[in-house]
Amino acid sequence: MAKNNNNNIFKASWTYDEAPESIDHIQIKEQYDLYIDGKFTKPIKGKYFDTINPSNGEKIANIAEASSEDVDKAVKAARKAFKGWAALSGKERGKYIFRIARLIQERAREFAVIESLDGGKPIRESRDIDIPLAANHFFYYAGWADKLEYAFPNRDPKPLGVVGQIIPWNFPLLMAAWKLAPALATGNTVVLKPAETTSLTALKLAEIIHESGIPKGVVNIVTGAGETGASIVNHSDVNKIAFTGSTGVGKYIQKATAGTNKKLTLELGGKGANIIFEDASIDQAVEGIVNAIFFNQGHVCCAGSRLFIQESVADLVIEKLKRRMETLIVGNPLDKNTDIGAINSKKQLKTIENYIKIGINEGGEIYQPECKFPTQGNWCAPTLFLNVSQSHRIVQEEIFGPVLAVQTFRTIDEVIEKANNTPYGLSAGVWTEKGSKIFHLTQKLNAGVIWGNTFNKFDATSPFGGYKESGFGREGGLHGLKPYVKFE
Amino acid sequence: MSRLDINKTYKLYIGGKFPRTESGRYYTINNSDGSLIANMCLASRKDFRNAVVVARKAQNAWANASALNKGQILYRIAEILEGRKEQFITELIVQGETKKAAQKEVEAAIDRLVYYAGWSDKYPQFFSAVNPVSSSHFNFSTLEPVGVVSIITPEEQSLLGLVSVIAPAIVGGNTVVVLASESKPLTAISFAEVLNSSDVPGGVVNILTGNKTELISHMASHMDVNAIVYCGKDENALKEISELASNNVKRTIFYKKSDWENNLCESPYFIEKTQEVKTTWHPTEI
Chain G
1 MAKNNNNNIF KASWTYDEAP ESIDHIQIKE QYDLYIDGKF TKPIKGKYFD
51 TINPSNGEKI ANIAEASSED VDKAVKAARK AFKGWAALSG KERGKYIFRI
101 ARLIQERARE FAVIESLDGG KPIRESRDID IPLAANHFFY YAGWADKLEY
151 AFPNRDPKPL GVVGQIIPWN FPLLMAAWKL APALATGNTV VLKPAETTSL
201 TALKLAEIIH ESGIPKGVVN IVTGAGETGA SIVNHSDVNK IAFTGSTGVG
251 KYIQKATAGT NKKLTLELGG KGANIIFEDA SIDQAVEGIV NAIFFNQGHV
301 CCAGSRLFIQ ESVADLVIEK LKRRMETLIV GNPLDKNTDI GAINSKKQLK
351 TIENYIKIGI NEGGEIYQPE CKFPTQGNWC APTLFLNVSQ SHRIVQEEIF
401 GPVLAVQTFR TIDEVIEKAN NTPYGLSAGV WTEKGSKIFH LTQKLNAGVI
451 WGNTFNKFDA TSPFGGYKES GFGREGGLHG LKPYVKFE
Chain Z
489 MSRLDINKTY KLYIGGKFPR TESGRYYTIN NSDGSLIANM CLASRKDFRN
539 AVVVARKAQN AWANASALNK GQILYRIAEI LEGRKEQFIT ELIVQGETKK
589 AAQKEVEAAI DRLVYYAGWS DKYPQFFSAV NPVSSSHFNF STLEPVGVVS
639 IITPEEQSLL GLVSVIAPAI VGGNTVVVLA SESKPLTAIS FAEVLNSSDV
689 PGGVVNILTG NKTELISHMA SHMDVNAIVY CGKDENALKE ISELASNNVK
739 RTIFYKKSDW ENNLCESPYF IEKTQEVKTT WHPTEI
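Heads up: the protein sequence lines correspond to chains G and Z, in order.
Each residue of the first sequence is one higher than the one before, counting from 1 in this note's numbering.
Each residue of the second sequence is one higher than the one before, counting from 489 in this note's numbering.
In short, the hints are calculated from the structure, not lab data.
Glycine included, each C-beta is placed from N, C-alpha and C at the ideal position.
Check the hints yourself; a few may be wrong.
Pulled from the structure, derived: some chain Z residues nowhere near chain G, Cβ distances all over 10 Å [said to hold, decoys possible]: (1) Pro-507; (2) Arg-508; (3) Gly-512; (4) Lys-545; (5) Gln-560; (6) Arg-572; (7) Val-602; (8) Lys-610; (9) Glu-702; (10) Ser-746; (11) Asn-750; (12) Cys-753.
The list that follows gives simulated cross-link-like pairs (lysine to aspartate or glutamate, EDC-like), each with its CA atoms no further than 16 Å apart [stated by the list, open to error]: (13) Z:Lys-745 with G:Glu-488; (14) G:Lys-322 with G:Glu-287; (15) G:Lys-457 with Z:Glu-773; (16) G:Lys-255 with Z:Glu-723; (17) G:Lys-372 with G:Asp-17; (18) Z:Lys-761 with Z:Glu-681; (19) G:Lys-42 with G:Glu-65; (20) Z:Lys-610 with Z:Glu-574; (21) G:Lys-322 with G:Glu-370; (22) G:Lys-437 with G:Asp-413; (23) G:Lys-263 with Z:Glu-731; (24) G:Lys-263 with G:Asp-237; (25) Z:Lys-534 with Z:Glu-510; (26) G:Lys-47 with G:Glu-65; (27) G:Lys-320 with G:Glu-287; (28) Z:Lys-499 with Z:Glu-510; (29) G:Lys-47 with G:Glu-196; (30) Z:Lys-745 with Z:Glu-723; (31) Z:Lys-545 with G:Glu-417; (32) G:Lys-39 with G:Glu-211; (33) Z:Lys-745 with Z:Glu-728; (34) G:Lys-486 with Z:Glu-723; (35) Z:Lys-505 with Z:Glu-681; (36) G:Lys-251 with Z:Glu-728; (37) Z:Lys-545 with Z:Asp-712; (38) G:Lys-255 with Z:Glu-728; (39) G:Lys-251 with Z:Glu-731; (40) Z:Lys-744 with G:Glu-488.
Go ahead and model the full structure; you've got the sequences and the hints to work with.
What follows is the structure, given as structure tokens:
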């Protein structure tokens with residue numbers, strides 16, 4: 001692959017000693033069963049699959065594969081638990097959820113290490129972002145449980161019933177929290193399926209949920225791949241499906257639930273525009289570009305994967321960006337110096353590498369800093385594509401990896417047009433020091449989350465979700481309650 | 489005394505104009521004795537697609553009109569409708585309503601327009617939030633229109649039902665392509681004449697008459713429509729719409745009500761159904 005070595009001088013100027021996070025204090029069992037009706041239960045068909053450490057290819061544990069019979073058991077347990085849970089006073093429901101938040105905080109370091117081991121993300125991110133945000137999410141929604149009538153004035157919100165929740169592998173524990181916390185606060189019971197490559201923290205969460213003393217059957221966690229998910233989606237006694245994942249699967253679920261009375265929320269793919277104006281604070285913007293696309297190896301639905309630079313500063317920004325990329329450390333997710341960890345799975349690495357090939361074949365000019373990868377595991381260098389245009393596949397399609405497509409623009413209207421010219425509408429970023437320009441852009445961009453002079457920020461109080469083919473429904477904040485209630 | 493009535497030619501309403509269907513097709517609306525009331529345009533897929541094009545073109549400017557302005561325009565629709573009350577009552581009677589029911593329906597429709605006119609500059613405050621995030625950022629969530637909306641209006645209460653689903657969509661800055669009641673389409677087209685003289689920009693509301701079974705699939709599958717509203721209880725239609733809507737992750741909004749007069753049929757929550765929540769972040773640290 002083409003390499004550009006002009007900036008190697010920056011890489012050579014300093015080195016870091018290894019700073020690995022200790023894994024002594026974590027507890028991982030050899031085998032994990034399903035969590036159904038308050039018990040850890042063996043799968044009916046007795047099948048298990050391996051969960052793999054993506055940074056060295058080694059097996060971490062056996063994970064139970066839930067069949068449709070197991071899913072049925074879980075749904076029945078959730079149905080049985082629903083009446084009592086919904087009838088419980090909001091105050092009491094809230095207390096269980098507060099407990100879960102606290103228990104996560106107490107074991108935060110263990111969760112962070114397991115998240116990085118199982119998923120490949122840098123320990124700095126799991127420690128400072130994923131785990132604390134997950135705890136905050138439970139803490140935030142716990143407080144809503146006895147205040148729901150204030151969230152919907154003139155309405156009488158009621159829970160939906162049994163909720164099926166299917167989550168992705170990019171933020172395993174955090175997505176579980178985003179799904180569970182509002183569903184429980186509003187009085188629903190849940191069957192949740194984590195992604196097959198990242199089941200561990202969801203199963204550790206099951207332990208915590210068990211310790212919280214929450215009534216049995218209120219939360220059920222079933223592990224498995226797409227078929228397990230399909231069993232949840234197609235189960236006739238599920239009242240709602242909440243899905244986070246690819247737009248392709250989201251469309252399939254929307255179709256599969258047609259003609260049923262299942263409610264649906266979808267948080268799907270994206271191709272976020274990150275727009276740099278000539279009057280931006282350029283150094284800050286360069287940091288923002290790096291955070292927008294290389295955070296979590298680019299496995300982020302709201303990643304800023306399309307960069308638009310105003311022509312007058314394009315050369316400068318690209319030069320600075322290349323220099324900054326030279327300093328990014330790709331490697332051991334458990335090392336506290338690591339900026340870019342392991343690609344989550346072999347399959348995803350193949351997808352990303354295929355897109356890089358497509359980009360080259362379509363005439364894009366590739367730039368990758370020289371990276372020393374560990375000998376084992378799934379790795380991808382941070383990647384830029386210059387000389388691409390709107391019609392290129394790497395500009396249109398979600399890659400879900402550390403690959404940035406760079407375009408330039410001259411006028412505001414032009415960049416708005418280009419930024420909005422995508423079927424997605426999840427996120428966008430704008431960099432300028434001019435206030436009116438920020439607001440003009442944030443109003444005109446068709447996306448559910450807009451970052452002005454920042455990128456990839458998340459908070460339990462902040463609603464998150466997409467326009468257009470990036471899905472519907474919001475998670476986080478007051479608006480995140482609505483997908484889990486009905487009005488009679 | 490023998491004066492021959494002048495019968496109205498009912499056409500479609502697309503982009504602020506009243507074209508005939510491009511297909512040249514028609515269907516008849518008859519009295520109970522079988523005599524002709526009117527030949528209605530049997531709108532085609534092409535008519536629908538043309539309407540989506542003008543609705544998309546009009547959407548940005550309509551969404552950017554000030555809340556006050558949109559409120560005044562909705563109020564203006566109510567004013568004009570009030571002035572033509574007798575015409576609408578007569579038309580509803582021709583479509584089979586009793587005089588009393590017809591009068592009640594027209595008055596309720598007028599009042600509903602006034603109701604939503606008043607919400608125009610208030611619902612954003614009701615649904616928006618400043619979010620107390622833990623980091624040093626100013627973070628707020630506001631509503632934005634979903635865009636272009638297809639609407640299949642209720643078969644009964646052909647005027648009140650139509651107004652009850654159009655008003656909350658357009659007051660929120662959406663533009664709409666509407667399929668009128670198939671069996672009672674007269675008032676929908678007369679309502680288009682009201683819209684046309686009420687400062688509603690062309691393309692904001694487009695009204696078609698035609699066959700539901702034929703048009704629903706196009707209204708649900710069109711890739712440049714962002715949401716679809718369906719009023720009715722036909723389970724096959726509900727399923728078909730949801731399936732086709734998945735092509736572009738269209739938002740689906742279903743109303744199974746049979747009485748639109750009830751006060752429960754008006755609330756800001758109806759506006760919210762065709763809105764998106766946008767959250768904006770900006771640092772507060774210097």
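Hints versus structure:
1. Pro-507: 30 Å, holds
2. Arg-508: 34 Å, holds
3. Gly-512: 34 Å, holds
4. Lys-545: For Z:Lys-545, whose nearest Cβ neighbour in chain G is about 14 Å away, the distance exceeds 10 Å, so it holds.
5. Gln-560: Since the minimum Cβ distance to chain G is about 22 Å, Z:Gln-560 lies beyond 10 Å and the statement holds.
6. Arg-572: Non-interface label on Z:Arg-572 holds, nearest chain G Cβ at 33 Å vs cutoff 10 Å.
7. Val-602: Given a closest Cβ separation of 19 Å, the condition holds.
8. Lys-610: About 13 Å separates Z:Lys-610 from the closest Cβ of chain G, which puts it past 10 Å; holds.
9. Glu-702: 20 Å, holds
10. Ser-746: The assertion about Z:Ser-746 holds, with a minimum of 17 Å to chain G.
11. Asn-750: Non-interface label on Z:Asn-750 holds, nearest chain G Cβ at 14 Å vs cutoff 10 Å.
12. Cys-753: The assertion about Z:Cys-753 holds, with a minimum of 13 Å to chain G.
13. Z:Lys-745 with G:Glu-488: 13 Å, holds
14. G:Lys-322 with G:Glu-287: This hinted pair holds, its Cα atoms lying about 11 Å apart.
15. G:Lys-457 with Z:Glu-773: The given pair, whose Cα atoms are some 14 Å apart, holds under the 16 Å limit.
16. G:Lys-255 with Z:Glu-723: Roughly 15 Å separates the two Cα atoms, so the pair holds.
17. G:Lys-372 with G:Asp-17: Distance ~15 Å between G:Lys-372 and G:Asp-17 Cα, so the pair holds.
18. Z:Lys-761 with Z:Glu-681: Cα-Cα ~27 Å, so violated.
19. G:Lys-42 with G:Glu-65: 9 Å, holds
20. Z:Lys-610 with Z:Glu-574: With a Cα-Cα distance of about 32 Å, the restraint between Z:Lys-610 and Z:Glu-574 is violated, given a limit of 16 Å.
21. G:Lys-322 with G:Glu-370: Holds: G:Lys-322 and G:Glu-370 sit about 11 Å apart, inside 16 Å.
22. G:Lys-437 with G:Asp-413: Between G:Lys-437 and G:Asp-413 the Cα gap is close to 12 Å, so the pair holds against 16 Å.
23. G:Lys-263 with Z:Glu-731: 14 Å, holds
24. G:Lys-263 with G:Asp-237: 12 Å, holds
25. Z:Lys-534 with Z:Glu-510: Holds, at about 7 Å.
26. G:Lys-47 with G:Glu-65: 6 Å, holds
27. G:Lys-320 with G:Glu-287: Between G:Lys-320 and G:Glu-287 the Cα gap is close to 10 Å, so the pair holds against 16 Å.
28. Z:Lys-499 with Z:Glu-510: 11 Å, holds
29. G:Lys-47 with G:Glu-196: This hinted pair holds, its Cα atoms lying about 13 Å apart.
30. Z:Lys-745 with Z:Glu-723: 14 Å, holds
31. Z:Lys-545 with G:Glu-417: Holds, because 14 Å separates the two Cα atoms, which is no more than 16 Å.
32. G:Lys-39 with G:Glu-211: 11 Å, holds
33. Z:Lys-745 with Z:Glu-728: Violated, because 19 Å separates the two Cα atoms, which is more than 16 Å.
34. G:Lys-486 with Z:Glu-723: Roughly 20 Å between the alpha carbons, so the hint for G:Lys-486 and Z:Glu-723 is violated.
35. Z:Lys-505 with Z:Glu-681: 10 Å, holds
36. G:Lys-251 with Z:Glu-728: 14 Å, holds
37. Z:Lys-545 with Z:Asp-712: The given pair, whose Cα atoms are some 11 Å apart, holds under the 16 Å limit.
38. G:Lys-255 with Z:Glu-728: Judged against 16 Å, a Cα distance of about 9 Å means the pair holds.
39. G:Lys-251 with Z:Glu-731: Roughly 9 Å separates the two Cα atoms, so the pair holds.
40. Z:Lys-744 with G:Glu-488: Since the Cα atoms of Z:Lys-744 and G:Glu-488 sit roughly 13 Å apart, the hinted pair holds (cutoff 16 Å).
Consistency with the previously given hints fails for numbers 18, 20, 33, 34, ordered from lowest to highest.
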